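A.B. asks: What follows is the residue order along each chain.
Number of protein chains: 4
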Amino acid sequence: MNVLIWNEYRHEKENPAVSDIYPEGIHGALADFLKKDGHTVTTATLDEEEHGLKKEVLDQTDVLVWWGHKAHEEVTEEAAERVKQRVLDGMGLVVLHSAHFSKVFRKLMGTGCDLKWREADDRERIWNVDPTHPIAEGIGQYFEIEKEEMYGEHFDIPAPDELIFLSWFEGGEVFRSGATFKRGNGKIFYFRPGHETYPTYYHEDVQTVIRNGVRWAQNTNGPKHQYGNAAPIERISKK
Amino acid sequence: MNVLIWNEYRHEKENPAVSDIYPEGIHGALADFLKKDGHTVTTATLDEEEHGLKKEVLDQTDVLVWWGHKAHEEVTEEAAERVKQRVLDGMGLVVLHSAHFSKVFRKLMGTGCDLKWREADDRERIWNVDPTHPIAEGIGQYFEIEKEEMYGEHFDIPAPDELIFLSWFEGGEVFRSGATFKRGNGKIFYFRPGHETYPTYYHEDVQTVIRNGVRWAQNTNGPKHQYGNAAPIERISKK
Amino acid sequence: MNVLIWNEYRHEKENPAVSDIYPEGIHGALADFLKKDGHTVTTATLDEEEHGLKKEVLDQTDVLVWWGHKAHEEVTEEAAERVKQRVLDGMGLVVLHSAHFSKVFRKLMGTGCDLKWREADDRERIWNVDPTHPIAEGIGQYFEIEKEEMYGEHFDIPAPDELIFLSWFEGGEVFRSGATFKRGNGKIFYFRPGHETYPTYYHEDVQTVIRNGVRWAQNTNGPKHQYGNAAPIERISKK
Amino acid sequence: MNVLIWNEYRHEKENPAVSDIYPEGIHGALADFLKKDGHTVTTATLDEEEHGLKKEVLDQTDVLVWWGHKAHEEVTEEAAERVKQRVLDGMGLVVLHSAHFSKVFRKLMGTGCDLKWREADDRERIWNVDPTHPIAEGIGQYFEIEKEEMYGEHFDIPAPDELIFLSWFEGGEVFRSGATFKRGNGKIFYFRPGHETYPTYYHEDVQTVIRNGVRWAQNTNGPKHQYGNAAPIERISKK
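Protein chains in written order, with the numbering used here: chain S, -14 to 224; chain G, -14 to 224; chain A, -14 to 224; chain R, -14 to 224.
FYI, nobody ran anything at the bench for these hints, they're computed from the structure. A portion of the hints provided could be inaccurate.
Note that identical chains are pooled: a pair holds if it fits in a single copy or bridges any two copies.
Lysine-lysine pairs mimicking BS3-like chemistry, simulated, CA-CA at most 25 Å apart [to be verified]:
id, residue 1, residue 2
1, -2, 132
2, 224, 209
3, 92, 167
4, 88, 21
5, 20, 39
6, 223, 40
7, 55, 92
8, 39, 92
Keep in mind the model is a prediction, meaning the values are calculated, not measured.
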């Protein structure tokens, strides 16, 4: 399938500490391991024309992976609406880390999507709470990330359709770190880890979860619902 | 508590068939029976200044009941955003019938909120599927509305937090007619019946459900969550 | 994968009207189309030793499909507990029609699982309400069964994890006809149609849904959780 | 309303460390603060005749609060079934701490209800994740218990209908500590804290949550569903 990885791609250009970790950008690191699954993986970034999110690109995309952080507001309303609509039309969406605050995710959730955060080298331990979920395939009871940004509850999202992972943070917080949401014809997976100053996307379990998430988010050939005025199927009595 | 009933109030002014049924407007009919619960009930309509939805009005409102149909697009973005934000801040919202397509509901749901419809005097039978829910208090196994507009699946909403009522329609369709959604600090109840050309809001069971819905949607004194940068509660080890 | 179809297999032996429709038994009809997916399909019936549900059989089963009706009580407690435990350990379970009242399903749900029913040649129209679900793959907006037993709400089950299909019945009822439940490591799909006196299991859409359900219910290689006394992972301060 | 508190009442009789904390038994401590809400509070214990759970007692009970730990297996099948059935008939149930392993809770959940545990004076921090829920009324973002037994994921329960609290434990685990489940006509609230060797039930926030839980679990006058053979409401065509 066609996987499009969208990255804001600003930190990497402005902060050597980030580009040292992700010399090809976060999108490059994500693309590297997603390619291993046989997907056709392409990337797009904020500073491209229309952010690399033209209609014809989205129309060809099965699953979009989104990473953004400091420039959410630079994504145009038009592009954000176009992506949202494409998700509702059936494109899968994997929302990573700080993309919780992206226009696209907020529009799809309808809530503020805010949370607590802290950059203090917290150890994070991500516990699985749904052993049946295909996104948890190949994962143990939990996995650890030695140092990460903390995200803490309350995470202002709708109650997820499925809750897969919960994070424990060294500094005392918890977080719903892996959650799914169905919206329209689209499947959305939010996954917490991935602050730009840590090598999180090289973590094997993190990669496994994202690979699973991309596969899970792919559209199946479901019913094509028609909306609007509908003729009766059964006879309606005269009243 | 303070209940604000918002009505588009156009059909009643333009169509005698509607004003014959609702001489004081749909908002007037809703206000009549909601007052019986001891609430302080006020009304607001589209053509008032800022649609009667000024910030100070919303700030004083515990639960907002919304009916709109043909003029959703005339509600300004500003007003719709203000109402949405107030719901996220804790105001309850009862969304009636064609308000499924209101800007406020669509923003809160994040989906298209579309459905099938037909104006053909379908008989509607509304079945309860959650006998524990306070919104179903005082209702039987089902209740019937002799003639109503049909709304049919697929109803393009997120999977509701709770599904309370399912409708059967004479013409062959079904519909998730009573459903709840929590968003931010706000509680939302969608209830299907109430096409303007039928006397649905005089139906005793319909009134009972709306009265229950208003009570249910009222904010409780829940946790006030803080967001943003957070100091650690526990000591974080040096790494 | 290994699919085991369990059938009570009494109606077919006692009632020619049923055996005319299902000369190889309902299990035979189910096996026929499930084999087309490349599964290794075997069958078992009530009157076999241990109902054909010995531990070693269940241990080799990936997904169990269950049909029962008039002899639920003849399934021994031991066998029902064994099947339940195997589901919790990860075997998928597809529960068909009157198996809503089977010991296994009731034990897994924890509720009465009762419903309304009527054998009166109702026309049934099954509407999809979740277009994203893999179990709805290949299905249209709805499909019809010309004549079926009616099952009506209230269906006394826990709120399903996912609601996929709703039925409309000619006689005036609705029903949650396709629903999923995760229990332990097992995935459960309940699907309503299939009264023994109708040729429902030859219906193409019914077959598609069951085939999808079997695939969906298969266990993924999820986390193997350990329970019981657990050593601390982090240092606990002296208090 | 009538609140019945059931306590195993063995630790208090056998272990002075427990009876020092709860000289009137855990049930006594629970009764003390629940009485403040104006309920008629009674208690029952394992060693009473029929465990104090005779049919006529249960029939008069609106909400049952259950604490048990070391003697779950001494509760007779008959009593456990009777309580389960009464919950399905509409009695509320508040399940505390180690009652996760009670026969009643396991029967109602249908799963193993197992978890990780450790008695090591972990600090527990209980975070609210649903600010709209009446059970969280009067609670802050989180509250702490200085020392408690640890319960860790995976907690082998069905996905709750509502998730209200998540626990952080000093030793590195997380837990879904406050969760609701609707079963039949009954509402069930599971709340984690309360190991017998700690004075947890004197903790103000713990008391607030339990008081809220009892109120929430009370039955509303919902639909009385009829089951079984049902005459058609609409005319069924001859086929």
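A.B. asks: Are the hints correct? Go through all of them and say.
C.D. replies: Going down the list of hints, with the structure as the test:
{"no.": "1", "hint": "-2 x 132", "in the structure": "within (22 Å within a copy, 47 Å between copies)"}
{"no.": "2", "hint": "224 x 209", "in the structure": "neither (33 Å within a copy, 30 Å between copies)"}
{"no.": "3", "hint": "92 x 167", "in the structure": "both (13 Å within a copy, 16 Å between copies)"}
{"no.": "4", "hint": "88 x 21", "in the structure": "neither (30 Å within a copy, 43 Å between copies)"}
{"no.": "5", "hint": "20 x 39", "in the structure": "within (22 Å within a copy, 44 Å between copies)"}
{"no.": "6", "hint": "223 x 40", "in the structure": "neither (48 Å within a copy, 47 Å between copies)"}
{"no.": "7", "hint": "55 x 92", "in the structure": "both (18 Å within a copy, 24 Å between copies)"}
{"no.": "8", "hint": "39 x 92", "in the structure": "both (19 Å within a copy, 23 Å between copies)"}
In terms of the numbered hints stated before, the structure departs from hints 2, 4 and 6, listed from lowest to highest.
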